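> What follows is each chain in one-letter form.
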Amino acid sequence: MRDAGTHYTQPLDKPVLKLDGITKVFPGVKALDAVSFDLRAGEVHALMGENGAGKSTLMKVLAGIHQPDAGRIVHNGVEVRMPTPLAARASGILLIHQELSLSPELSIAENIYLGAWPTNALGILRKRKLNRDAAAALHSLGCDYNPRARVGTLSIARKQMVEIARTQAFNANVVIFDEPTASLTDTERDQLFATIRDLQKRNVAVIYISHKMDEIFQISDRITVLRDGKLQGTVDTADSDIDQLTRMMIGRDLDSYFTRATGQTGPEVLRLEGLGCEGCFKDVDLSVAAGEVLGLYGLIGAGRSELAEAVFGIRKVSAGRIFWMGREITPPSPRKAIDMGLCLAPESRKEQGLVLGMSGRDNITLPHLRDFSRLLMMRRTHETEVFERYRGILKIKTSGPDQRVADLSGGNQQKFVLAKWLCKTPRLLILDEPTRGIDVGSKSAIHALIAELAEQGLAVIVISSEMPEVLGVSNRILTMSDGRINAEFSGAGMTEQALIDAVSAPT
Amino acid sequence: MNPADTNAGAQPEHHSAYRAALIDIVLRNQIWGFLLLAVILFSTASPFFLTVNNLANVLTQGAFIGLLAIGMTLVIINGEIDLSVGATMALALALAIGLQNSGFGPGTAILAALATGAFLGFLNGAVVVLSGMHSFVVTLGGLLGIRGLVFLYTEGDALMIADFTYTELVEIYLGPISLTAMVFLGLIVLFQWVLSNTRHGREAFAVGDNIEAARDAGIRVGRHKIINFTLCGLLAAVCGVLLSMRMGTAEPQAGRIWELWAIIAVVLGGTRLQGGYGSLWKTLGGVLTLAVVQNGLRLLNTPNYVELIVMGGVLILALGLDRILTYKIRAGRT
Amino acid sequence: MQRSALAEFLRRNGLLVGFALFVVIVAFDAPAMLGMNNVLSVLRQISIVGVIAIGVTFVVVTERLDLSVGSGLTLLTVLVVEQHNALGPGGAIFMTLLAGAAIGAWNGLLIGYFRLNALIVTLAMLSLLQGLTLWYSGGANVNIQGASESWFPVIGRGALFGIPVPIWVLLATAVAASILLGRSRFGRSVFAVGGNETASNFSGIDSRAVVFFAYVISGVATALGAIIMGSRVLGAQSTIGQGYELTILAGIIIGGTSLLGGTGSIWRTVLGVAMLGFLNNGLLLMGYAYYVQWLVTWVVIIAAVWIDLAAKRGRILA
Numbered sequence: 001m002r003d004a005g006t007h008y009t010q011p012l013d014k015p016v017l018k019l020d021g022i023t024k025v026f027p028g029v030k031a032l033d034a035v036s037f038d039l040r041a042g043e044v045h046a047l048m049g050e051n052g053a054g055k056s057t058l059m060k061v062l063a064g065i066h067q068p069d070a071g072r073i074v075h076n077g078v079e080v081r082m083p084t085p086l087a088a089r090a091s092g093i094l095l096i097h098q099e100l101s102l103s104p105e106l107s108i109a110e111n112i113y114l115g116a117w118p119t120n121a122l123g124i125l126r127k128r129k130l131n132r133d134a135a136a137a138l139h140s141l142g143c144d145y146n147p148r149a150r151v152g153t154l155s156i157a158r159k160q161m162v163e164i165a166r167t168q169a170f171n172a173n174v175v176i177f178d179e180p181t182a183s184l185t186d187t188e189r190d191q192l193f194a195t196i197r198d199l200q201k202r203n204v205a206v207i208y209i210s211h212k213m214d215e216i217f218q219i220s221d222r223i224t225v226l227r228d229g230k231l232q233g234t235v236d237t238a239d240s241d242i243d244q245l246t247r248m249m250i251g252r253d254l255d256s257y258f259t260r261a262t263g264q265t266g267p268e269v270l271r272l273e274g275l276g277c278e279g280c281f282k283d284v285d286l287s288v289a290a291g292e293v294l295g296l297y298g299l300i301g302a303g304r305s306e307l308a309e310a311v312f313g314i315r316k317v318s319a320g321r322i323f324w325m326g327r328e329i330t331p332p333s334p335r336k337a338i339d340m341g342l343c344l345a346p347e348s349r350k351e352q353g354l355v356l357g358m359s360g361r362d363n364i365t366l367p368h369l370r371d372f373s374r375l376l377m378m379r380r381t382h383e384t385e386v387f388e389r390y391r392g393i394l395k396i397k398t399s400g401p402d403q404r405v406a407d408l409s410g411g412n413q414q415k416f417v418l419a420k421w422l423c424k425t426p427r428l429l430i431l432d433e434p435t436r437g438i439d440v441g442s443k444s445a446i447h448a449l450i451a452e453l454a455e456q457g458l459a460v461i462v463i464s465s466e467m468p469e470v471l472g473v474s475n476r477i478l479t480m481s482d483g484r485i486n487a488e489f490s491g492a493g494m495t496e497q498a499l500i501d502a503v504s505a506p507t
Numbered sequence: 001m002n003p004a005d006t007n008a009g010a011q012p013e014h015h016s017a018y019r020a021a022l023i024d025i026v027l028r029n030q031i032w033g034f035l036l037l038a039v040i041l042f043s044t045a046s047p048f049f050l051t052v053n054n055l056a057n058v059l060t061q062g063a064f065i066g067l068l069a070i071g072m073t074l075v076i077i078n079g080e081i082d083l084s085v086g087a088t089m090a091l092a093l094a095l096a097i098g099l100q101n102s103g104f105g106p107g108t109a110i111l112a113a114l115a116t117g118a119f120l121g122f123l124n125g126a127v128v129v130l131s132g133m134h135s136f137v138v139t140l141g142g143l144l145g146i147r148g149l150v151f152l153y154t155e156g157d158a159l160m161i162a163d164f165t166y167t168e169l170v171e172i173y174l175g176p177i178s179l180t181a182m183v184f185l186g187l188i189v190l191f192q193w194v195l196s197n198t199r200h201g202r203e204a205f206a207v208g209d210n211i212e213a214a215r216d217a218g219i220r221v222g223r224h225k226i227i228n229f230t231l232c233g234l235l236a237a238v239c240g241v242l243l244s245m246r247m248g249t250a251e252p253q254a255g256r257i258w259e260l261w262a263i264i265a266v267v268l269g270g271t272r273l274q275g276g277y278g279s280l281w282k283t284l285g286g287v288l289t290l291a292v293v294q295n296g297l298r299l300l301n302t303p304n305y306v307e308l309i310v311m312g313g314v315l316i317l318a319l320g321l322d323r324i325l326t327y328k329i330r331a332g333r334t
Numbered sequence: 001m002q003r004s005a006l007a008e009f010l011r012r013n014g015l016l017v018g019f020a021l022f023v024v025i026v027a028f029d030a031p032a033m034l035g036m037n038n039v040l041s042v043l044r045q046i047s048i049v050g051v052i053a054i055g056v057t058f059v060v061v062t063e064r065l066d067l068s069v070g071s072g073l074t075l076l077t078v079l080v081v082e083q084h085n086a087l088g089p090g091g092a093i094f095m096t097l098l099a100g101a102a103i104g105a106w107n108g109l110l111i112g113y114f115r116l117n118a119l120i121v122t123l124a125m126l127s128l129l130q131g132l133t134l135w136y137s138g139g140a141n142v143n144i145q146g147a148s149e150s151w152f153p154v155i156g157r158g159a160l161f162g163i164p165v166p167i168w169v170l171l172a173t174a175v176a177a178s179i180l181l182g183r184s185r186f187g188r189s190v191f192a193v194g195g196n197e198t199a200s201n202f203s204g205i206d207s208r209a210v211v212f213f214a215y216v217i218s219g220v221a222t223a224l225g226a227i228i229m230g231s232r233v234l235g236a237q238s239t240i241g242q243g244y245e246l247t248i249l250a251g252i253i254i255g256g257t258s259l260l261g262g263t264g265s266i267w268r269t270v271l272g273v274a275m276l277g278f279l280n281n282g283l284l285l286m287g288y289a290y291y292v293q294w295l296v297t298w299v300v301i302i303a304a305v306w307i308d309l310a311a312k313r314g315r316i317l318a
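Protein sequence lines, in the order shown, are assigned to chains A, B and C. Numbering of the first sequence is given in the numbering used here, commencing with residue 1 and proceeding in unit increments. Numbering of the second sequence is given in the numbering used here, commencing with residue 1 and proceeding in unit increments. Numbering of the third sequence is given in the numbering used here, commencing with residue 1 and proceeding in unit increments.
Since the hints were made in silico from the structure, they are not lab data. Note that the structure is predicted; figures quoted are calculated from it, not measured.
Below, simulated BS3-like cross-link-like pairs (lysine-lysine); rule was C-alpha separation at most 25 Å, straight line:
| id | chain 1 | residue 1 | chain 2 | residue 2 |
| --- | --- | --- | --- | --- |
| 1 | A | Lys-350 | C | Lys-312 |
| 2 | A | Lys-424 | A | Lys-350 |
| 3 | C | Lys-312 | A | Lys-397 |
| 4 | A | Lys-424 | A | Lys-336 |
| 5 | A | Lys-230 | A | Lys-443 |
Selected chain B positions facing chain A (Cβ under 8 Å, derived; list incomplete):
| id | residue |
| --- | --- |
| 6 | Asp-24 |
| 7 | Ala-206 |
| 8 | Asp-209 |
| 9 | Asn-210 |
Some chain A residues close to chain B (C-beta under 8 Å, calculated; not the full set):
| id | residue |
| --- | --- |
| 10 | Pro-85 |
| 11 | Ser-101 |
| 12 | Ser-103 |
| 13 | Pro-104 |
| 14 | Glu-105 |
| 15 | Leu-106 |
| 16 | Glu-110 |
| 17 | Leu-114 |
| 18 | Gly-115 |
| 19 | Trp-117 |
| 20 | Thr-119 |
| 21 | Gly-123 |
| 22 | Ile-124 |
| 23 | Leu-125 |
| 24 | Lys-127 |
| 25 | Thr-153 |
Don't be surprised by glycine CBs; every beta carbon is placed ideally from N, CA and C.
Extracted from the complex, chain A is given alone in its bound form (with noise of 0.2 Å):
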């Protein structure tokens, strides 16, 4: 089976690559929690988990941007360390980032050998000799790109097969793709998988990331799976199933965790009829109550963030119509969004939600300057008291209302961006991603506190890719795939599998 370019010796049932109780903690979380996983030559080995489980982590760690707390990893036997990029690059192991590490300027063969480039004694490139390396690194990939092209000019997928190109050029053993398929067209993603079987043909073990129950159930042989950290186990591709996974990345205790609102639902607060904005989404209908928790589930590239936002009025509409409490609006701007009591607890904390350089108080009041000064001034005292009622209400771990953010964890930050639109109680509250990359027992006072707002008579969106999530507090469910609206389920219609189905189904 070994190519005449491989100089592998290995029996395909001995690792290439063994982890061992590998533990990494972040200030506040235990990002892996003595994970141990081995990866055999020529195998596609699948890593699954929900996001904040760790998969990321522990790929970085194995591709030497992030050092290990406690645990070993062996490679080819060998007990080894990877205290940089460079080093885990050095000896085999690549990692294809979902955002592409590419210099848009260079030309692919530059790309390709980047921070490796054959040079004479005066440090000049050795243009022909590099170009005729990579023209070889890509044909050997099938590819018949002009290696001299400026990378800039390439498409998304033929970028990736640039950065694949380094494991030819670097005589790669361990491949990692994190996500590879996030923004390819089917044609492309079939490339992508024949170029992987090509791969694992020359013995090169293969780590595939990934979301997509059909693609792991195509492309892999084994499957890893990471919970809150830890590991999940290790199945053989061929006698596992999707409810089977299902079950070990989300737990058994859906019902026990999460709390779902169970007021009386009221009239319309939100209708959408055929939004669409372009590039992002289309054809759009949707409408929410007066305490209901609307559970939007999709996968990332869903187009999901991009609806809050356009609703939210931080993207333009293209087409459609936007009722509100009955009446058609204008899309709104974000400004007019919040008077109107629309808020949109965006996805991304550290750079959307919260200003992190500015204290607690002053992160809350942000969205409400208007209602928080007099005469043009801020009302200190006023801003003191509305923070330390929502310190209490939510629990939040902070050293007083001039603490910055920055300096609180994860979990507190996400509450007070939370604050920040509950103080001047709106109608409709869109929550993007909630709990992302939060511990446990913050994530399940959130949750609660969701069911709590929605029996107010609130009406909340939530957006997650954490199925358990949807699952546990939304009254009802909206799939969302490739930018549209693909499914509705309610009461016990709402299960695991038919989310599953509806976000996997081919579009």
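Add chains B and C to chain A, keeping to what the hints say.
Below, chains B and C alone, put in the same frame as chain A:
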């Protein structure tokens, strides 16, 4: 990431690829359009403009700012900036003349001037890299401090060369092209070659575009930046030495706000201020455009304020145009 | 714990400690520095830079720059002098403030609303305003006519309770700006936009308008500086504001306001500008030539910012 991306990718790339490539070429070379426009405009407006002598003159006049702009381009591609080049130029100018007056030979004086420029550039780079401060702050300090050094050395007075044979050294012409212009053009070619053919040059783009990826790939980012700041200082000194030969005097205020003109030339050329994108051809285009506009307006006997107003206007226009075009092409592509 | 408290104190006030040390050294050598007359004269000298720096601080807190204030100062000084001769002092002051606001509005429009690069736009404005000045004045010096009959010279040359009027103007501007930046709704938005523009937009703050008004404030402050200048000099020439943009930035940076936006205060800016003024004065009193201050400023800028950064990350090297 979004469906439209994938749709665009699914289409056969031929048709749109040609159009996109064409637009891309136009967008990347807009400065030559500006230059052509300026040349046509001034040729029709003044009979003295389109003459060999005048054009050679334009080149010589542009060469001084141009030399500063070469180093500035390298630093800007790295995503940094150097505000101290005008002062460094003035210090080299003062040293080249002053040291000769103190009894050193021209060769020694020139070497000392060049070494001082390179050292100050190195100092800027080292402080930027070691402290993690923004180069704008570091070199703003340099702008003030190095000018202080010039005054300290000249004691605030203009220095005049004692032996005027020194100024004859520069009287070398290749046809109508002056030595200064030749040095400028030669350095443009040399550094463009460095940018496109050496490891250091190619690394400049990687560092400016995505510093983390560059670091992960094993590029020694700090050393790389220090080299570029050093080159920038050295080129400023080259400019100062050539100016000393041309003028024979060193005003302590020489080269004031030249750093700003150099930045303007680079940006006008189309090199991106955020780093990762640019070339010395563009900078050449930017320098020539500035020089042509300046020269043309003077030929037309317009008062000097027109020049300042036009320069400011052109810069804003170029920036606005760039914004509109990039916006359009992005909208067309994704 | 004690050690880190000391480090924290030095980080917050290290500049003041260094400055106090400097004052002590100078006072030994030249006791005249601490004399009332000298202190007032330094404060009067820094009043123009100070007033403008206060306006530019708003721009810097939004994470942007204004390099056009030096040229703006020249143009507006010429304007106030010319208009004084045409309209009298009241009209001239009004026109100048209006023109300053217009310059700021133009910058703000291009940078805030059209989102063009602040460095380049204000650089272009530096050139443009210089050109406008030459056009307007014809390159000639202009002088206040009939100064003895006008109350206009009082602004630059008068005194109230023994303290020169420019110092009162600086103080009043500082107090007003401090309230505006530190206590008002607008000030809060300025910090929010400079700290995280995206998050501000997600909070319903119109960052474009905030940036726009920050530049308008910078323009008005420049006009105020020009009024003091015109009244002090009783005339203007076309190079009068040359280089002010750099001194102003140096003062702001030394005061501890980061060019990365989101932090800063008016008092820090005034302190930074005052330190530069006393540094200059002290060096002159000790008999150094005027250009030595530039060298010292170089060292002080780098030392101040480096120490601040090093204290924040807990080690000296990046």
